[in-house]
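Chain by chain, the residues run as shown.
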Amino acid sequence: MKVNGRQIVLLLYLGFLLLPIYWLVNMSFQTTEEILGTFSLVPEKFTLANYRMIFTDSSWYMGYINSIKYVLLNTVISLSVALPAAYAFSRFRFLGDKHMFFWLLTNRMSPPAVFLLPFFNFYQTVGLFDTHIAVALAHCLFNVPLAVWILEGFMSGIPREIDETAFIDGYSFPRFFFTIFIPLVKAGIGVTAFFCFMFSWVELLLARTLTTVNAKPIAATMTRTISAAGMDWGGLAAAGVLTMIPGAIVIWFVRNYMAKGFALGRV
Amino acid sequence: MARIVLDDLAHSYRPHPAGPDDYALKRIDTVWEDGGAYALLGPSGCGKTTLLNIISGLLIPSQGRVLYDETDVTRLPPEKRNIAQVFQFPVLYDTMTVRENLSFPLRNRGVSPSDTATRVMEVAQALDLVAVLDAKASGLSADAKQKISLGRGLVRSDVAAILFDEPLTVIDPHLKWQLRRKLKEIHDRFKLTLIYVTHDQVEAMTFADQVVVMYDGEIVQIGTPQDLFENPEHTFVGYFIGSPGMNLLPVTMDGEAALTGSSRIPLTPALAGKARAAAAAGAKLELGIRPMYLGLEDAGVDYGVAARINLVEDQGDCRIVTVSMGDVTVKARVPEGRAIPSQEARAVFPPEWTRIFADGRLLK
Amino acid sequence: MEKWDDNKAWFLVLPVFLVVAFSAIIPLMTVVNYSVQDIMAPGQGIFVGPEWYREVLHDPRLHEAFLRQLIYSFTVLAIEIPLGIAVALTLPSKGWKVSACLVLLALPLLIPWNVVGTIWVVFSRPDIGLAGVTINELLGIPYNYTADPMDSWLTVVIMDIWHWTPLVVLLCYAGLQAIPEAYYQAAKIDGASRWAVFRFIQLPKMRGVLMIAVLLRFMDSFMIYTEPFVLTGGGPGNSTTFLSQFLTKMAIGQFDLGPAAAFSLIYFLVILLLSYIFYTVITNLGKGVAK
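Protein chains in written order, with this note's numbering: chain A, 257 to 523; chain B, -9 to 354; chain C, 13 to 303.
Since the hints were derived computationally from the structure, they do not count as laboratory data.
The reader is advised that the hints may include incorrect statements.
[What the hints assert, rightly or not] Facing chain C, a subset of chain A residues (Cβ under 10 Å, in silico):
1) Phe358
2) Cys396
3) Leu397
4) Gly426
5) Val469
6) Val510
7) Gly517
Ideal Cβ positions, reconstructed from N, Cα and C, are used throughout, including at glycine.
Kindly generate the complete structure, drawing on both the sequences and the hints.
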């Protein structure tokens, strides 16, 4: 195979990308003593103990289950409210549409640090504190605006003649929306789902503030080991490696939509 | 300006084609004369876009050569050949004005700014684009955009040929004929070789001096629109050209006549002789006649073939009559004002308009 | 494309409004409320008007943090956007390699932010980290991100580039893949150079995705908290204390709720203003006079 300049750039970049991840994987197969004791490019005493510890200790693996629960909840809520709204923004002009759109975006811009304390108070008052739904709703703050934004881009690319034809053919709006329109934007839904999943999965501040035990996410479980006496680097690395897997599965499902491309907006 | 020679071309998209079915283009060996207006006509998937891309240099053929005049350009990239291409949908540089779009090919070739300006103005005048020269190209209507795409080809004084890949697909019907007329005008004025790919026979027939019909990776006929209509060299041409297409009936020979079911259709002695020879060589015979030449007479006359009228469709200036003869069906095109028998009739096949095809090829 | 006029479309937007309002408006009211009161104990506050705003706006530590934040955000944007576009241009366009590259690219994005910090804590350690050891031992450059402010700042920037460039790459790649082949063919025939193809076809066609990439990267880098908190804790000194950390220190560390709330609102307005500027600039960039 001929190697050209472009491939060299790509390989260099992928190297930069993968080195820290390799280091994480490398650590996850070492004991904490080895990690802290010696500098080793490959594990000298290869061990699976870190992974065994995670899969047998419920405080660890429940973290994953909690995270997956609220992330999925959030993805479903975000998509189901964003789909009709994105349709409205892409098809109609209505009173205050531009203001509404910009207001939505502003929520993507509010630093979670701003909302920590009010959220804590608010969710305690309404009795949702330490539930999966609380985190899912809080994450809607930044995921819903993004979902509306991306979906609107996809929907604008679909000609309105399709809507008109369907209505002339006597389709009711819900029937048109679910049987014709949604299949047409399924690439957009896939891509949006990936972004919602990703941003909800990696967020720590809100998720940690709104939970204590029952809905505690994996990322928060990991901060616990940091404060415990002596850091369990091996366990932390193994847990870190495992956090990459759910998202990697999601991107595997939507990779073809990405590869087919999308322009987002009227280009 | 150039004469384009396609010398024994074939192309396959597979790296190691096994049989003829792997070839998108089977064997093309033809000459496009300098200054001609050609239409490349055929159904989707017949290889016409492949052929166009080989001529423009976007594709290198698996075998054979492309010559512009005497020069072999088979392996030259598109920018080194003197061609321009207009695509199915408008391809424009969105961020540029119309003027910048038109100057772009010249700027890339290092033409001086003053020459560029003169040339752009000349082309803009020919294409009626002067008024919008300083507008952004992205805001214009589809037909204006296609004119700009065409203009980017015309500005180059060295252009040998302009290739069109179904350029009217996205144009509103009422603007299509205007744009087509513009193309004819441009052709007369700039004396360029034009190659126009389409699957629409009306477009092909009205645009071109010579129509090239492609079918399944091969050129089946090159001729004037009238030629294609009267003397289709292949059953596909007969069927594809004309509306409705040519009637095609499987026949066997019986002396001086062709037999279909129990109906006898007389042929000229010369044609009958050739048909008998072809049949003796094992060829499958088909009889073809254009609907406009098929006569319908009252059941009383003593010539023609017994037939029954099934359906009469009024098309304004004529009527299309569907007729059954035994178990075969044919169509006749009857001009306005001519009486049509009510039910039983005789279908008349004038020998001078009756054609015989052996294995799909016209017997001449 | 003209849109239909219909105020009934509001019914379609209503669910979004309710969900976001639930998470945004009520907490925002609380923040506004805090920002104008002096809170002694829960439920007991004295109205102090704009005093906290005055205090916060005159705080030199805030000015420093703000400046640091601006420099940081513009640095990462100036590197990540061009790098992301460049990498997107090198990606293959079909075959199994596409799938492999997309999954690999997405990995850094899928790691929880505190873990990202943790990875770089170890990766950069001069004694046991791959990067730390390589720079110190092999290249012979003294490097210690916990002690040297410049090293620390650079580490945070490189971590951000590592973490977020893939987002830009993914978006740009999708934008590039959406360009029909005919554009490249036309450019070839017009004799356009590689640069002209990029400048006049690829870049304009990526406008939509670039807008999202630039805005997301700007907003998120301006709000960055978790990663530098884990990596450097804002130090050494205040060299990596960005706005969010400053705010959190104020609100939780010192429990100055009033000033923290006032600061939150100012912070929010600044992001709003800058995002609006980006949005307007990118929307108008290269847009036709006749729309």
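Quick rundown of the hints versus the structure:
1. Taken as an interface hint, Phe358 of chain A checks out: its beta carbon lies about 8 Å from the nearest beta carbon of chain C, inside 10 Å.
2. With 10 Å as the threshold, the beta carbon of Cys396 of chain A comes within range of chain C, its nearest partner Cβ sitting at about 5 Å, so the hint holds.
3. Against a cut-off of 10 Å between C-beta atoms, the interface hint on Leu397 of chain A holds, since the closest Cβ of chain C lies about 4 Å away.
4. The beta carbon of Gly426 of chain A is not positioned within 10 Å of any beta carbon in chain C (closest approach about 19 Å), and the interface hint is therefore violated.
5. The beta carbon of Val469 of chain A comes no nearer than 19 Å to any beta carbon in chain C, farther than 10 Å, and the hint placing it at the interface is violated.
6. The criterion of a C-beta within 10 Å of any C-beta in chain C is met by Val510 of chain A, whose closest approach is roughly 9 Å, and the hint holds.
7. For the restraint placing Gly517 of chain A at the interface with chain C, the shortest Cβ-Cβ distance is roughly 3 Å, inside the 10 Å limit, so the hint holds.
Figure legend: structure checked against the earlier numbered hints; hints not met, in rising order: 4 and 5.
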